[in-house]
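Protein sequence lines correspond, in order, to chains A and B.
Residue 267 in UniProt numbering sits at position 267 of the first sequence, and the numbers go up by one each step.
Residue 146 in UniProt numbering sits at position 146 of the second sequence, and the numbers go up by one each step.
Note that these hints are calculated values from the structure, not bench results.
Small disclaimer: the values here were computed from a predicted structure and weren't measured.
Nothing false has been slipped in among the hints.
Here are a few chain A residues that sit away from chain B, every Cβ distance over 12 Å (derived from the structure): (1) P20; (2) R67; (3) R82; (4) A113; (5) S114; (6) G127; (7) L140; (8) V148; (9) A156; (10) G171; (11) E221; (12) E229; (13) A244; (14) G253.
Covered stretches of chain B, going by a simulated chain A footprint (3 or more residues, C-beta under 8 Å): (15) 9-22; (16) 39-52; (17) 60-67.
Where is the CB? At the ideal position from N, CA and C, for every residue including glycine.
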Amino acid sequence: MEFLRPATWQEAVAAKAEHPSAVPIAGGTDVMVEINFDHRRPEHLLDLGRIPELSEFDTDSGSGTVRLGASVPYSRIMEHLRTQAPGLALASHTVASPQIRNRGGVGGNLGTASPAGDAHPALLAGGAEVEAVSVRGTRLIPIDDFYVGVKRNALAPDELIRAVRLKTATGPQQFSKVGTRNAMVIAVCAFGIALHPEVRQVRTGIGSAAPTPIRARAAEEFLAAALEEAGLWESRAALPPAVARQFATLVSGAANPIDDVRGTASYRRHALGVMARRTLDWTWREYRGAERTESCA
Amino acid sequence: MRVTFTVNGRQASADDVWEGESLLYVLRERLGLPGSKNACEQGECGSCTVRLDGVPVCSCLVAAGQAQGREVTTVEGLAGPEGELSTVQQAFVDAGAVQCGFCTPGLLVAADELLERNPEPSDGDIREALSGNLCRCTGYEKILDAVRLAAARTEGAV
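Using the sequences and the hints, build the whole thing.
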């Protein structure tokens, strides 16, 4: 094994071009588990820990975007991006433990592309773009096209994740996750929702209930149409319970879960419906002008 | 490869480090610092918790090469030069927060960092700060008592 230690982003991208099978390591919270358990013996480990810009984020109020470096640890997302990326900040708070949140970041979640990664539902709901860079150039991959299979993503072998771009939130966002306890838990299933009032859209993300993280598109379209039809975006009136129920049913139906040690498929479908209804209730209350709820369970 | 970093204020080097080796292994097996414990090797238990540039991390999930040039503090760095226990360590002893002792080093490092950052933590703050450290003996109540005691003593000293 060779330990590659690029000092700059240019060096890192060049090293990945030279050794396309090199495994990038930043926080190490996924990669080191695989190495410790002999599940992986890469020829090259590519340490990204010395590249300062990967641990930085910019919020541009002019363009209304957040550019989040791939290695910004979850603990800093929780602390600094609550306003700009509330869904991702809530999801970050549910990641593992303080020790893990101090090291892990969104780039690792995306690189691993596990359907259970906590950031995915929030990234899907937020409409993120992944900045993939190689010596050939930079491309922005829409999050909807990023997850291509179980633990497989759309990156080319010579590409590295530089950052994630998100539109600064213009409406309420929520995240909910089911597990056996609050800390140190891999999601049995998870759900994220974001209201985008400026474009009259709703976006969602489902985690751990299909081969990849997915959106519940039929539920999104139904809810956006129901809000439009009843003039609720403008009136901010209470949401009819039937709309919330149908939204929950459609979210539940979008999932394609399996039975495994963490839960059965039918439990996951049921729990997704419950989370969809609850998070919709929280977001809609906030949209109506109530205090942002701190709830996240 | 050779890895050099500062541990508990002193420069330390290890040779012939395997590239996939963890910081925890280097501390325990190459630098003679067995305080940090090796249990789950997957970041679940927190017994290997150390501070890397001041931040609590699981040393089993830090590749040794990533520690190059950085500052590491282990549980061995908590006590004073003459071996006098730190406030948190003394509080763990006094509150009976230690049973088998395996989780203790990780909890001490996590609790010490909490009190440095937040000298008057609420019970919620304590629970959250220690949520990445598993103890299978105490049921945690005595550990919570110890952290409250250390906080009260720290406040009293100011």
